[in-house]
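S.K.: Here are the chains, one letter per residue:
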Amino acid sequence: MLTVRELAELVGGAVTGDGGVEIHQVAQASCVRSGEITYAISPVYVEMVRASAASAVFVHEKQDLKIPQILVPDPKIAAIQAAMRFGPEPSYAPGISPGAFVHPGAKVDPSASVLPGASVSRGATVGARTVLMSGVSVGENAVVGEDARIHPNVAIGERCAIGNRVILHPGVCIGADGFGFYPAGGTHQKIPQRGIVEVGDDVEIGANSCIDRATVGRTVIGDGTKIDNLVQVGHNCIIGKNCILVSQVGLAGSVRIGDGAILAARAGVADNLNIGAGSIVAGMSGVANDLPAGSRVGGLPAYHHMDWKRNLVHMKNLHRIVRHLEQLAKRVSEIEKTLLQKD
Amino acid sequence: MLTVRELAELVGGAVTGDGGVEIHQVAQASCVRSGEITYAISPVYVEMVRASAASAVFVHEKQDLKIPQILVPDPKIAAIQAAMRFGPEPSYAPGISPGAFVHPGAKVDPSASVLPGASVSRGATVGARTVLMSGVSVGENAVVGEDARIHPNVAIGERCAIGNRVILHPGVCIGADGFGFYPAGGTHQKIPQRGIVEVGDDVEIGANSCIDRATVGRTVIGDGTKIDNLVQVGHNCIIGKNCILVSQVGLAGSVRIGDGAILAARAGVADNLNIGAGSIVAGMSGVANDLPAGSRVGGLPAYHHMDWKRNLVHMKNLHRIVRHLEQLAKRVSEIEKTLLQKD
Amino acid sequence: MLTVRELAELVGGAVTGDGGVEIHQVAQASCVRSGEITYAISPVYVEMVRASAASAVFVHEKQDLKIPQILVPDPKIAAIQAAMRFGPEPSYAPGISPGAFVHPGAKVDPSASVLPGASVSRGATVGARTVLMSGVSVGENAVVGEDARIHPNVAIGERCAIGNRVILHPGVCIGADGFGFYPAGGTHQKIPQRGIVEVGDDVEIGANSCIDRATVGRTVIGDGTKIDNLVQVGHNCIIGKNCILVSQVGLAGSVRIGDGAILAARAGVADNLNIGAGSIVAGMSGVANDLPAGSRVGGLPAYHHMDWKRNLVHMKNLHRIVRHLEQLAKRVSEIEKTLLQKD
Numbered sequence: 001m002l003t004v005r006e007l008a009e010l011v012g013g014a015v016t017g018d019g020g021v022e023i024h025q026v027a028q029a030s031c032v033r034s035g036e037i038t039y040a041i042s043p044v045y046v047e048m049v050r051a052s053a054a055s056a057v058f059v060h061e062k063q064d065l066k067i068p069q070i071l072v073p074d075p076k077i078a079a080i081q082a083a084m085r086f087g088p089e090p091s092y093a094p095g096i097s098p099g100a101f102v103h104p105g106a107k108v109d110p111s112a113s114v115l116p117g118a119s120v121s122r123g124a125t126v127g128a129r130t131v132l133m134s135g136v137s138v139g140e141n142a143v144v145g146e147d148a149r150i151h152p153n154v155a156i157g158e159r160c161a162i163g164n165r166v167i168l169h170p171g172v173c174i175g176a177d178g179f180g181f182y183p184a185g186g187t188h189q190k191i192p193q194r195g196i197v198e199v200g201d202d203v204e205i206g207a208n209s210c211i212d213r214a215t216v217g218r219t220v221i222g223d224g225t226k227i228d229n230l231v232q233v234g235h236n237c238i239i240g241k242n243c244i245l246v247s248q249v250g251l252a253g254s255v256r257i258g259d260g261a262i263l264a265a266r267a268g269v270a271d272n273l274n275i276g277a278g279s280i281v282a283g284m285s286g287v288a289n290d291l292p293a294g295s296r297v298g299g300l301p302a303y304h305h306m307d308w309k310r311n312l313v314h315m316k317n318l319h320r321i322v323r324h325l326e327q328l329a330k331r332v333s334e335i336e337k338t339l340l341q342k343d
Numbered sequence: 001m002l003t004v005r006e007l008a009e010l011v012g013g014a015v016t017g018d019g020g021v022e023i024h025q026v027a028q029a030s031c032v033r034s035g036e037i038t039y040a041i042s043p044v045y046v047e048m049v050r051a052s053a054a055s056a057v058f059v060h061e062k063q064d065l066k067i068p069q070i071l072v073p074d075p076k077i078a079a080i081q082a083a084m085r086f087g088p089e090p091s092y093a094p095g096i097s098p099g100a101f102v103h104p105g106a107k108v109d110p111s112a113s114v115l116p117g118a119s120v121s122r123g124a125t126v127g128a129r130t131v132l133m134s135g136v137s138v139g140e141n142a143v144v145g146e147d148a149r150i151h152p153n154v155a156i157g158e159r160c161a162i163g164n165r166v167i168l169h170p171g172v173c174i175g176a177d178g179f180g181f182y183p184a185g186g187t188h189q190k191i192p193q194r195g196i197v198e199v200g201d202d203v204e205i206g207a208n209s210c211i212d213r214a215t216v217g218r219t220v221i222g223d224g225t226k227i228d229n230l231v232q233v234g235h236n237c238i239i240g241k242n243c244i245l246v247s248q249v250g251l252a253g254s255v256r257i258g259d260g261a262i263l264a265a266r267a268g269v270a271d272n273l274n275i276g277a278g279s280i281v282a283g284m285s286g287v288a289n290d291l292p293a294g295s296r297v298g299g300l301p302a303y304h305h306m307d308w309k310r311n312l313v314h315m316k317n318l319h320r321i322v323r324h325l326e327q328l329a330k331r332v333s334e335i336e337k338t339l340l341q342k343d
Numbered sequence: 001m002l003t004v005r006e007l008a009e010l011v012g013g014a015v016t017g018d019g020g021v022e023i024h025q026v027a028q029a030s031c032v033r034s035g036e037i038t039y040a041i042s043p044v045y046v047e048m049v050r051a052s053a054a055s056a057v058f059v060h061e062k063q064d065l066k067i068p069q070i071l072v073p074d075p076k077i078a079a080i081q082a083a084m085r086f087g088p089e090p091s092y093a094p095g096i097s098p099g100a101f102v103h104p105g106a107k108v109d110p111s112a113s114v115l116p117g118a119s120v121s122r123g124a125t126v127g128a129r130t131v132l133m134s135g136v137s138v139g140e141n142a143v144v145g146e147d148a149r150i151h152p153n154v155a156i157g158e159r160c161a162i163g164n165r166v167i168l169h170p171g172v173c174i175g176a177d178g179f180g181f182y183p184a185g186g187t188h189q190k191i192p193q194r195g196i197v198e199v200g201d202d203v204e205i206g207a208n209s210c211i212d213r214a215t216v217g218r219t220v221i222g223d224g225t226k227i228d229n230l231v232q233v234g235h236n237c238i239i240g241k242n243c244i245l246v247s248q249v250g251l252a253g254s255v256r257i258g259d260g261a262i263l264a265a266r267a268g269v270a271d272n273l274n275i276g277a278g279s280i281v282a283g284m285s286g287v288a289n290d291l292p293a294g295s296r297v298g299g300l301p302a303y304h305h306m307d308w309k310r311n312l313v314h315m316k317n318l319h320r321i322v323r324h325l326e327q328l329a330k331r332v333s334e335i336e337k338t339l340l341q342k343d
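Chains as they are written, first to last, in my numbering: chain A, 1 to 343; chain B, 1 to 343; chain C, 1 to 343.
Just so you know, the hints here were simulated from the structure itself, not pulled from any lab data. The model shown is predicted, which means the values in this text are computed figures rather than measured ones. Just so you know, not all the hints are guaranteed correct.
Copies of the same chain are indistinguishable here, so a pair counts whether it falls within one copy or spans any two.
Heads up, simulated DSS-like pairs for lysine-lysine below, C-alpha to C-alpha not over 25 Å straight-line [to be verified]: (1) Lys190 to Lys76; (2) Lys76 to Lys62; (3) Lys316 to Lys330; (4) Lys190 to Lys330; (5) Lys66 to Lys76; (6) Lys107 to Lys330; (7) Lys241 to Lys190; (8) Lys190 to Lys337; (9) Lys342 to Lys330; (10) Lys62 to Lys241; (11) Lys309 to Lys107.
Full structure from sequences and hints, please.
M.R.: Structure, rendered in structure tokens:
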């Protein structure tokens, strides 16, 4: 619980109205409740705040509202600062908890935290200040760097390597076998998948996403790349640095993605393609060809995004286009009839 | 093992044929085996039953079949009643199992069951009769209500709140960080995600679905809403009551969905949109605009479902439409030539 | 660490160049490093190898490269053999590890391995040489066959049956409740899901995929079927033998799929449909009708793949088609004007 005045101090803002009002949480305008502070960054937000039970609000400049206001240069950043105060990241005592399973042949830095139910296999290494939460499984000879936060029930397969300051959200699977089979008399025989996954520094991977191990060699997630939830990365993909893969994206095997590329939600890429650096693939699109650096594409198969956007409008009007065509055909028939009669 | 007669008593039906036949399981007509009872709700089903090894069948009225029949008002409901008898829900003794990890600062109701390998963190609360199965992780200060059933390997993040009678299937992730970054010199800097998820009463969420925590404030799943497997709900979404989100649906951030809306399989919604109450979005569609209450839409971007359905037919015929257009163009050229000659 | 000469012996190949060079790993040409061997199967690969730091290479015939080469009939197979040598599958001692939770009423074969944090419930059976890794949960009366490898955090629901030589990758969920509700006064009432899942022999299921239990009876995955990551299989589906379901595929309820069918990435199938044996559904397609055996389809809804491919080209050109139509309309108007003037 903080007063509006204390919150204003926290974020470096100025109070208008009653600075003594007590605030216990921050929330977005669409669901803010009494006792909470919210933020407004546009007239639409101001109206939502007016209609809400908010007890205070962060604003850029004074608004015509009856509740106390905290004036700040960036109301959303102030709200985030407040949120960090009301709900700080949990911290974990260093050491191996009772109920954690660390193989005697594993090396866990004494400053790392291994929570109950986490498991570290023979030969694995866990770096300084890294946290392995409950249910995390680190396979044989896998390496987890420093300052990583590995959330519950993440599975890191044998020999895979995770960089420093990596965040893996719950249920992430690093290093399951790639999907590779060869046909044999109507059955599918497994091609051994004995490569690894290498996750660079400062990577974040969302909940329940899957990065398959390479058949041979490595599947690579470059430094600084951010991957959302429920994303599939096939075996032997090489993803560059500082890429963005939004939720439900799927990459088939051996896709190479250049630095800084952005794949919007549920974009898919067929196997063995090159996506040039800085490319942007629209959501729900399917890439079926190599893309040069800086491409902007959409559609299935994906092509230049401006053509695609124009076509989306035409597709929506397709029934009108067809009617137009039919009417034109009638007019042409009429003309043909007229000309015949004239002969 | 029950006789046909005993099964008929169980479901309140009437036997025709040998009531002494012994039945050990119930199965659908497409895979029923000897010793099992099945059900038929249409002539197609009756034919499947005739071709099967089923030992008995639930029917609405007597059919020309050689096996014993149980006549009931609703054969599928009778089959479900039988299934509940042959395979009841497991029950769990109250208490904290050996091998469960409950922080001394957590409050677990004595009637709750915490199974081996489940973990309850400092400050968390678990309500009466709730079951936490193996590998479940309840974060710091999280709250799980009464009569909830939390299946294996579910992760509930710190401070998140789960209502009463909630069912979370295996691998569900509540409260992973939302996907939020700001650009800084070619890198993506993390925007702290310090809000929570609030899951209302009577909600069911399918296996491996992900509900991200809000940046600030809350992501809300309203009372009675049912979510299928592998669904993605982004940060700060506000989903109303009694909604249906079918498998593989994806919601970007800050989507608001009104009560009773239905999103069919793999529908997607772009960020910050409002889906009005009672709207129905067709499967595999992508919503890119606000929808008023009661909308029925399909397509990418989604628009009125009747127009969309007509257009689907036209798209399938597009090669014919193009040929029609080319033929028409030839006829027009012919006409133009004729007119020129006449001049 | 092996010399090139030792590697050549391992794979039955012939060395050209320095056989004494030491190699510690194998990697694909796109990311191979010094100290590693790679493989080349085409001129494109040879160029990648030339530009790389590779210390040796598997080739089919001698190439103009300065590094040692190992000549083999199939360079990719040789690379896989090397990968198996440098990174063999981990092996696990038989027995129940400390920190595993096996109910006294469960039957675990003495040759099976149950790793720390795995949980086997009352009445469950685990066959010979099967490995249950950390965090695996085997429900009441479930059966896991022989020589199965169940990766971390897999959940197998009560009474479900897993065949011999099955591989379940991390986070797989077998036997969560199907998604079934009936409407009641604006709410959705749960239809009990009391059937099971039966997974045949030699099945492999990818990370975080979900196979729902039947409402009554069984959901069946036939022998030899291979399922990739993040796939959804609804309740009561019957999938035949030796099928392939690529990543992010989704099957609604009660879909039947014949032997040997292939569903490419992110294909979807609506409920209650029959996909005939040997059918191939293109990636990102949505099947909305029964398909006879041997069908090849694509699109939404899916239809004959050749028509669909032609239409994809037309859709990309739709803005040109519309312009053509508009120009033609102008010409027809001109003609009509001319004819009127002539009258």
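S.K.: Checking Lys62 and Lys241: alpha-carbon separation at most 25 Å within a copy, between copies, both or neither?
M.R.: For Lys62 and Lys241, neither the intra-copy (42 Å) nor the inter-copy (35 Å) Cα distance is at most 25 Å.
S.K.: How would you classify Lys76 and Lys62 at a CA-CA limit of 25 Å: within, between, both, or neither?
M.R.: within (15 Å within a copy, 63 Å between copies)
S.K.: Pop the pair Lys342 and Lys330 into one bin, within, between, both or neither, using alpha-carbon distances up to 25 Å.
M.R.: Both: 18 Å inside a copy, 21 Å across copies.
S.K.: My question is about Lys107 and Lys330: at a cut-off of 25 Å on alpha-carbon distance, are they close within one copy, between copies, both, or neither?
M.R.: neither (81 Å within a copy, 78 Å between copies)
S.K.: Within a copy, between copies, both or neither: where do Lys66 and Lys76 come within 25 Å Cα-Cα?
M.R.: Result: close within a single copy only, 20 Å intra versus 59 Å inter.
S.K.: When no copy is specified for Lys309 and Lys107, does a C-alpha distance of 25 Å or less occur within a copy, between copies, both, or neither?
M.R.: Classified as neither: same-chain Cα gap 54 Å, cross-chain 55 Å, threshold 25 Å.
S.K.: Is it within, between, both, or neither for Lys190 and Lys330, if the alpha carbons may be no more than 25 Å apart?
M.R.: For Lys190 and Lys330, neither the intra-copy (60 Å) nor the inter-copy (55 Å) Cα distance is at most 25 Å.
S.K.: Are the CA atoms of Lys190 and Lys337 at most 25 Å apart within a copy, between copies, both, or neither?
M.R.: neither (67 Å within a copy, 65 Å between copies)
S.K.: First find the shortest C-alpha distance between Lys190 and Lys76 inside one copy, then the shortest across copies, and answer within, between, both or neither for a cut-off of 25 Å.
M.R.: Between. Shortest inter-copy distance 14 Å satisfies the 25 Å Cα cut-off; intra-copy 51 Å does not.
S.K.: Checking an output row: Lys241 and Lys190, CA cutoff 25 Å. Within, between, both or neither?
M.R.: Answer is between; shortest inter-copy Cα gap is 15 Å, intra-copy 32 Å.
S.K.: Up to 25 Å between alpha-carbons, please classify Lys316 paired with Lys330: within, between, both or neither.
M.R.: Both: 24 Å inside a chain and 23 Å across chains, each within 25 Å.
In the structure shown, a violation is registered for the earlier hints numbered 4, 6, 8, 10, 11, in ascending order.
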